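Protein sequences, first through last, are from chains S and B.
Counting from 1, one number per residue, gives the positions in the first sequence under the numbering used here.
Counting from 1, one number per residue, gives the positions in the second sequence under the numbering used here.
None of these hints come from the bench; they were simulated from the model.
Heads up, some of the hints might be wrong.
[Claimed, not checked] A short, non-exhaustive set of chain S residues, derived as facing chain B with CB atoms under 7 Å: (1) PRO142; (2) VAL218; (3) VAL219; (4) TRP223; (5) TYR351; (6) ALA361; (7) LEU362; (8) ILE365; (9) ILE368.
Here the structure is a predicted model, which is why all the values come from computation and not from measurement.
Cβ coordinates follow ideal geometry from the N, Cα and C atoms, glycine included.
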Amino acid sequence: MPPSTTLPDTAAPAKPHAAHRFLSSSAIRSWTWVHKWSSLVSTAFMLLLCLTGLPLIFHHEIGHLLGTEIEPPAMAADAPRVSLDKVLKTGQDRYPGKVVQFVSPDEDDDRFYYVTLGDTPTDDKRVSLAVDARTGEALPTPKFDEGFIYIMFRLHVDLFAGLPGKLFLGFMGLLLLVAIVSGVVLYAPFMRKLEFGTVRRERSTRTKWLDLHNLLGVVTLVWAFVVGATGMINTWADLVFKLWQNDQMAEMVAPYKGLPPTTARGSLQESVDASKRLLPHMDMRFVAFPGTDFSSPHHYAVFMKGNTPLTSRLLQPVLVDAETAKITDSRPLPWYGTALLVSQPLHFGDYGGTPLQILWALLDIATIIVLGSGLYLWIKKR
Amino acid sequence: MSHSHSNLHARQRRAQFRALWAWPIAMGVLSIFGLLAALLYDGLGDVLSWITLGVPVLVMCWFGWMRRR
């Protein structure tokens with residue numbers, strides 16, 4: 001006899017068999033309460049995050065289609081690279097009234113750099129210019145703060161509300177984790193008499209969706225927990241950064257405290273070369289210029305990344321005296337910085353090629369179905 | 001909860017635990033493996049992550065929609 005015919009059509013858990021039950025009925029009631037409220041409060045935002053996250057998985061591909069990706073002209077793959085000082089000059093010449101804040105190679109395409117400038121070193125109204133790494137010429141650069149992907153990004157990251165928006169979404173992420181854990185606890189009483197994967201289609205629509213909710217919920221469990229937890233950690237990025245600034249960074253630049261600001265600037269290329277000699281197994285991810293939050297008034301901070309899938313996500317700053325281009329200090333990030341950086345790929349799903357992106361999207365859609373069916377089950381029960 | 005420590009009951013409980021959790025645990029282990037494989041190793045690691053994360057997706061499709069009795 002298939003298990004479905006032995007169960008009542010109600011969605012309530014089967015009456016526990018005293019000797020075999022995992023939870024007392026009062027414990028089930030408590031966990032149901034936790035599951036209901038943690039889900040209800042966060043569902044609307046989680047649906048928003050899942051829906052906006054879907055296009056973000058493919059932001060490069062979509063940008064390519066929309067023509068907002070930078071396309072450097074085709075040249076021989078081994079075409080020689082120009083000096084970073086030339087790249088820097090191109091950016092500075094394009095915006096003569098502004099100061100350079102950052103220089104970085106594109107993360108996925110080493111044929112061009114970004115030069116990012118602002119009115120002051122800490123100005124957050126930034127402009128970026130893409131510069132061809134082989135010619136040193138400026139490339140047509142789309143604006144980054146407009147368009148479909150930008151709107152999806154802001155809705156996903158901070159609801160256009162800055163740090164409070166981030167922390168709010170982080171709290172919603174925490175509720176999602178609570179909902180996942182309580183959902184797993186409740187899986188036992190609901191599924192004790194059913195085989196894994198049972199979907200009772202012949203019963204009411206509500207029963208069918210309860211079964212699908214349990215099936216998709218328990219199968220996506222680990223993925224959803226990891227993406228939810230790493231997403232929550234990412235909402236703390238600004239705070240983690242501030243902590244690092246006041247902790248390790250402050251220690252590293254302490255010897256320069258109180259000195260007058262730099263006047264002359266040493267070579268950027270030399271600074272990066274010196275960093276590369278210090279950390280030969282790493283490559284430059286970006287350079288923060290003197291006076292930015294990532295550096296001191298006296299240093300180029302050359303942030304180096306490793307060259308394996310994992311270490312390429314990690315950073316080690318090398319502080320270079322901005323006048324002499326000599327290294328003054330370099331330390332691996334403290335544990336909390338490493339934790340933040342490792343949590344990024346695990347949230348984005350961008351570390352295993354296109355098939356992983358597609359799986360990320362499918363698991364995201366499954367999560368949307370879990371959220372939607374959960375909401376439906378609650379509405380039907382009222 | 002009334003506990004019986006006889007072998008029979010212990011066996012029953014184990015069997016029941018397996019019936020309930022074997023699939024979810026397998027899906028979870030595959031997911032963790034897949035999430036880490038691509039992060040730690042390029043090439044083969046990527047391929048292993050596609051397979052091990054692909055299985056839970058297929059399991060959902062199969063039990064959720066494809067299987068008809």
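Does the nearest C-beta of chain B fall within a distance shorter than 7 Å of the C-beta of TRP223 (chain S)? holds, 5 Å
Restraint satisfaction for LEU362 (chain S) [CB to CB of chain B, less than 7 Å]: OK, holds: LEU362 (chain S) within 7 Å of chain B, min 5 Å.
Min Cβ distance, VAL218 (chain S) to chain B: is it shorter than 7 Å? holds, 5 Å
Under 7 Å, Cβ to Cβ, is where VAL219 (chain S) needs to be relative to chain B, so tell me if that hint holds or is violated. holds, 5 Å
Using 7 Å as the Cβ threshold, decide whether ALA361 (chain S) counts as touching chain B. violated, 10 Å
Is the shortest C-beta separation between ILE365 (chain S) and chain B less than 7 Å? This hint is violated: ILE365 (chain S) lies away from chain B, its Cβ roughly 10 Å from the closest one there, beyond 7 Å.
Would the hint on PRO142 (chain S) stand, with a C-beta cut-off of 7 Å toward chain B? Given a least distance of 30 Å, the restraint on PRO142 (chain S) is violated.
Taking the closest Cβ pair, is ILE368 (chain S) under 7 Å from chain B? It is violated, given that the least Cβ distance between ILE368 (chain S) and chain B is near 13 Å, above 7 Å.
Classify the hint on TYR351 (chain S) as holds or violated, based on whether any CB of chain B lies nearer than 7 Å to its CB. Because about 5 Å separates TYR351 (chain S) from the closest Cβ in chain B, which is inside the 7 Å limit, the hint holds.
Violated hints, in rising order: 1, 6, 8, 9; the structure is consistent with all others.
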